[in-house]
Amino acid sequence: MKTKLAFFPALIILTLLVLMSLILSMGFGTAELGYQAVWQCLTDECQRNIYQTILIDIRLPRVLMGFLAGFALAAAGALMQNVTRNPLADPYLFGIVAGAGLGATVSQFLPEPLQAFGLPLSAFIGALFAVAIVVMVLMHSNWRRIEHLLLAGVAVSFLLSALTNFILYFGDAFETNRVIFWLMGSLARSDYQSLMWTLPVVTIGCFIALLYSRQLDALLLSDESAKTLGINVNQLRLIILVVCAAMTAVIVSYCGGISFVGLMIPHIVRPFFGLTNAKLLVASGLLGGCFLVWVDVVSRTILTGQEIPLGVITSVIGSVFFLFLMRKM
Amino acid sequence: MSAIELQANNITWQVDNKVIVDQISLSLEKGETLGIVGPNGSGKTSLLKCLYHEYSLSAGEVNLAGKPLNHFNRKEIAKIIAVVSQHHDPVFSLTVFDIVQMGLIPHKSFFEQDCSEDWQLIDMALSKVDLIDQKHQIFSTLSGGEQQRCLIARAIVQRPKIMIMDEPTNHLDVYYQHQILTLVKKLKLSLIITIHDLNLAAQYCDRLLLLSAGKVIALDTPKQVLNSTLLKQVFKLNCQIDENPFTAKPRVTFAGGHT
Chain A
1 MKTKLAFFPA
11 LIILTLLVLM
21 SLILSMGFGT
31 AELGYQAVWQ
41 CLTDECQRNI
51 YQTILIDIRL
61 PRVLMGFLAG
71 FALAAAGALM
81 QNVTRNPLAD
91 PYLFGIVAGA
101 GLGATVSQFL
111 PEPLQAFGLP
121 LSAFIGALFA
131 VAIVVMVLMH
141 SNWRRIEHLL
151 LAGVAVSFLL
161 SALTNFILYF
171 GDAFETNRVI
181 FWLMGSLARS
191 DYQSLMWTLP
201 VVTIGCFIAL
211 LYSRQLDALL
221 LSDESAKTLG
231 INVNQLRLII
241 LVVCAAMTAV
251 IVSYCGGISF
261 VGLMIPHIVR
271 PFFGLTNAKL
281 LVASGLLGGC
291 FLVWVDVVSR
301 TILTGQEIPL
311 GVITSVIGSV
321 FFLFLMRKM
Chain B
1 MSAIELQANN
11 ITWQVDNKVI
21 VDQISLSLEK
31 GETLGIVGPN
41 GSGKTSLLKC
51 LYHEYSLSAG
61 EVNLAGKPLN
71 HFNRKEIAKI
81 IAVVSQHHDP
91 VFSLTVFDIV
101 QMGLIPHKSF
111 FEQDCSEDWQ
121 LIDMALSKVD
131 LIDQKHQIFS
141 TLSGGEQQRC
151 LIARAIVQRP
161 KIMIMDEPTN
171 HLDVYYQHQI
181 LTLVKKLKLS
191 LIITIHDLNL
201 AAQYCDRLLL
211 LSAGKVIALD
221 TPKQVLNSTL
231 LKQVFKLNCQ
241 IDENPFTAKP
251 RVTFAGGHT
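Residue numbers (my numbering), protein chains in the order written: chain A, 1 to 329; chain B, 1 to 259.
Bear in mind the hints are in silico, worked out from the structure with no lab data behind them.
Source: prediction; values computed, not measured.
A couple of the hints might just be wrong.
Using 30 Å as the maximum straight-line C-alpha spacing, the simulated BS3-like pairs for lysine-lysine come out as follows [unchecked claim]: (1) B:Lys75 / B:Lys30; (2) B:Lys108 / A:Lys279; (3) B:Lys75 / A:Lys279; (4) A:Lys279 / B:Lys135; (5) A:Lys279 / B:Lys79; (6) B:Lys128 / A:Lys279.
All chains, full assembly: derive it from the sequences and hints.
Here it is as structure tokens:
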């Protein structure tokens, strides 16, 4: 593909867009503060203590988490699509959301003192559980076809959702609400602690993916041709799948199910940045981060007094986008 | 006698007790072109895959520059053997450049960037296969012959000693068949090619290996291998051999179903 933009100018534009989004989005929220206050707080010191609390303790981690979640999901989506050579692949392919949902549901049975910390952790364990089943099935079928990955992911997804639904149906109504709302996705629980857990995972994940980006490019043609170029295809694919799973699982356990970001963003990025892995990964990540930051702004401002779940907005945008994309294809 | 680049000693490959490649021995001399001919299902492609370590042998061994193949790791093999196999269209819109660039992979370590020599090498390879003007065109929009040339350019960038090609002339018209084979002969590599058209094989290969049901029927010069008795035995058709008036190489004409 002859890309529409040279890589480095495009990267600079995208980086500026990211910085602008991060700062501008801080100004939106239930409390109207004005950009002067935001600017002052970020560069110098806040005028009033309450601004300090709102901006630095509540909004900043939320905006950063939004960016990080968007970055991780879009980057994982780009990797998954390239590594499976399937344009419809996305990071939720392994049944990660279903697994995390099951984990979150089970977490209600934890003893009271563990509850606060328990939801993200048990969601994470649930997500890893789903990934483990899928990978085990694949190992067993000797990786003969990558289509098996997609099928195994779908099957595991349905199995774990069924278990979740069963528990929720017989469970306590309040708990059910909590899990269902969590599954719809929200950044409301973001704090510096959640950033502390997610940032290292996403950074290491992207680092590993970039390390292998040249080898990953070879997979774009076919497995066989990649092997003749000296690549251990099965090992490479397993590494990347685990990286994607870890990044997605850690995001899902804090933010719930935010769908379509990983599926949609790489498709937007390809015509502008090309489809080789390093470029696609970085550009998808940055754009995905921006996208989610603004979706979160919409989610917390469009209705006064309450938030719309993030997953609802991304799904609406994503599905319309896809119908449009199909018309063009 | 020139150096042996690659040697196979009694190699056998089987799946589920079905023997696909049956105790084949061959050797490839430096700079020579070895053609593998035989009917569909005779094991031509499988034999190639055994030679470049895509399949693990059930018995026997392949030696590369005098060392057993399984002493090399994949990357080392990729520096010596380039493979141009039959391919499918990629799902994503890869450009000619993207694909030719892949040839650099065996020579690069982690995080190593392309340098200006790499760009020159890619351009040189593209010029050699006459695709320099299509550098940024999408691979799947190329014609069959152009796609084949693009993959050859990738193999050139790989800088191998040996090139293995699986049916490079498939689906090409007669002009492109000759174009591709003339092109690869000019590269002065040691070549192993599977090929259906016996006359093309006779014209471009130094030696031919006639394969049937996984076994070697004959391995010799085209003049020796292409004789009517052997061909009748393998292809189950009557045929006549005479001389190609242009090249003085053997020319095979099959009788078809009439006799």
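Hint by hint, here is what the structure shows:
1. B:Lys75 / B:Lys30: holds, 21 Å
2. B:Lys108 / A:Lys279: holds, 18 Å
3. B:Lys75 / A:Lys279: It holds: about 24 Å lies between the C-alpha atoms, which stays within 30 Å.
4. A:Lys279 / B:Lys135: holds, 19 Å
5. A:Lys279 / B:Lys79: At roughly 26 Å apart (the allowed maximum being 30 Å), Lys79 (chain B) and Lys279 (chain A) satisfy the hint.
6. B:Lys128 / A:Lys279: holds, 29 Å
Violated hints for the displayed structure: none, as all numbered hints are satisfied.
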